[in-house]
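Using the sequences and the accompanying hints, generate a full structural model.
Taken in order, these protein sequences are the chains called A and B. Mapping the first sequence onto UniProt numbering, position 61 (from 1) lands on 61, and the numbers just tick up by one. Mapping the second sequence onto UniProt numbering, position 77 (from 1) lands on 77, and the numbers just tick up by one.
It is possible that some hints are incorrect.
[Stated by the list, open to error] In silico DSS-like links for lysine-lysine, alpha-carbon gap of 27 Å or less: (1) B:LYS25 <-> B:LYS89; (2) A:LYS3 <-> B:LYS48; (3) A:LYS80 <-> B:LYS25; (4) B:LYS161 <-> A:LYS3; (5) A:LYS79 <-> B:LYS48; (6) A:LYS308 <-> B:LYS61; (7) A:LYS179 <-> A:LYS80; (8) B:LYS61 <-> A:LYS80.
Everything labelled a hint here was simulated from the structure, so no lab data went into it.
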Amino acid sequence: MQKTLYITSNGRLRRKDNTLYFETENEKRSIDIENVEQIHIFGEVDLNTKALNYISQYGIILHFYNYYGFYAGSFMPRKKNVSGDVVVRQALHYLDREKRIFLAYCFVESAVYHMMRNLRERKEAEAFLNAIDDEWENGKFNISSISELMGLEGRVRNIYYSSFNQFLPEDFYMEKREKRPPTNPINALISFGNSLIYSTVLTEIYHTQLDPSISFLHEPSEKRFSLSLDISEIFKPLVVDTVIFKLLNNHQLSLEHFDEDLNYCYLNQEGRKIFIKELQSKLETTVRHRQLNRNVSYKGFIRLECYKLIKHFIGDQVYSPLKAWW
Amino acid sequence: MSEELQELQDLKFQGIKINYLYVCKRKLWLFSKNITFENQSDKVLIGKVLHEYSYPKEDAKEVLIDNLIMIDIVSDGAVREVKYSSKMKEADIMQVMYYLYYLKQKGIEKQGIINYPKERRKEILQLTPEYEQKVKQALSEIEKITSQIAPPPATKQKICKSCAYFEFCWG
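In structure tokens form, the structure reads like this:
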């Protein structure tokens, strides 16, 4: 599998002859460019066009994050897999109201399924699990617009997040979910994890013929590549939340791994390293796929989700979102 | 320009499409819509390397004709196609027959050779009227398949597991 690289220190990405190096003040490390798929950059990194051109030859995507670890943007080399046919049909699924709601519903359905999956094993969260079940089962038949669906999803998510207080350490108490900026550690973790998933999904989309800007649940008019947000819904509870639970319940992360700054709360460098390591190993964890009869990593499942969408668009197979069966 | 040549131009088939017609019709459809995954396949990379390093002495390699068909090697009065393995022999033969047929429409008569350097084997081909007929049929079948709105459904074959589309079709 092609590797994901995370750069958390400060330094310079440099091409020298036909090798890419990452140089810091005291060391110089060569990067095995043939086997890298994406690089997440958290540190303060200098690079020039010579390095960028070299990186794009290999189709490597760079994701940039600011000082606080918030996603800033990506450098994506010229796309190789372009199919006008797929894009046109993807757009048709957006324009047709019924078709759009179908896909949006699929994403939410899978997200809710994975949220419930996360709570199912926890005795402390049983009441919340039932509450989600009620809300979802009653609500899902009365959806006639994207905004209604969004509202339902929001209500489910609120119950879901409030259940965290039952089984996470006290230090990580959450009043409510807050984004931009997260003001407490748990919100900071969720935001950080979600933006990593967002960029990982974007990388997978990039390797397919999908157009990342045509989305269904989220409005394509949002600035970001909103298809990536759509697909992320599936993987946020499945990947990010489980990583958070593990790190907090095993006390691998504690308050000392967070910094606060003018109401912001964010992971410090040490905390980021711990989180990234755990997230990466989760993404590389494999599960036996029943149809493929091969081991597929969590990251591989993101790619398969993209394939299923393409098949849906070209009229090959109706999309059915991932519901972890293991 | 003969009528048949005009027809070929209109169809704009690359030789690989003839090959895919015999390997997998679904792959042909997907490929024709630019839904490709070959750039991520190790097998395809191996094939590329094979092309690059085989027959280093030949000058006329990767000859592109009419911006349409790409012939691996042109030498000794023959067009040569290099393949990694002879597993898909019929598909390979049809691909070369198509090249010969195409050239014939342009007034060039050649013979064809398929080289399997890994197996140290080669196949010498002559365009016969029967094959000419077969090529024409193949072309119209390609036209038919690629103009379908949806791809032909996936059917599991032995070759699926080594195909670049495996995860696309079955995932």
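If you draw a straight line from the CA of B:LYS61 to the CA of A:LYS80, is it 27 Å or shorter? It holds: about 24 Å lies between the C-alpha atoms, which stays within 27 Å.
Given the hinted pair A:LYS79 and B:LYS48, is their Cα-Cα distance within 27 Å? holds, 20 Å
Proposed proximity, A:LYS3 with B:LYS161 (alpha carbon, max 27 Å): holds, 23 Å
Given the hint that A:LYS308 pairs with B:LYS61, does the C-alpha gap stay at or below 27 Å? violated, 39 Å
Quickly compare the C-alpha distance for B:LYS25 and B:LYS89 to 27 Å and report which way the hint goes. Distance ~16 Å between B:LYS25 and B:LYS89 Cα, so the pair holds.
Would you check the hint for A:LYS179 and A:LYS80, treating anything up to 27 Å between C-alpha atoms as holding? violated, 34 Å
Just to be careful, I want the Cα atoms of A:LYS80 and B:LYS25 compared with a cutoff of 27 Å; is the pair within it? Holds, at roughly 23 Å.
Quick one, are A:LYS3 and B:LYS48 close enough, alpha carbons at most 27 Å? holds, 23 Å
Comparing the model with each numbered hint stated earlier shows that hints 6, 7 do not hold.
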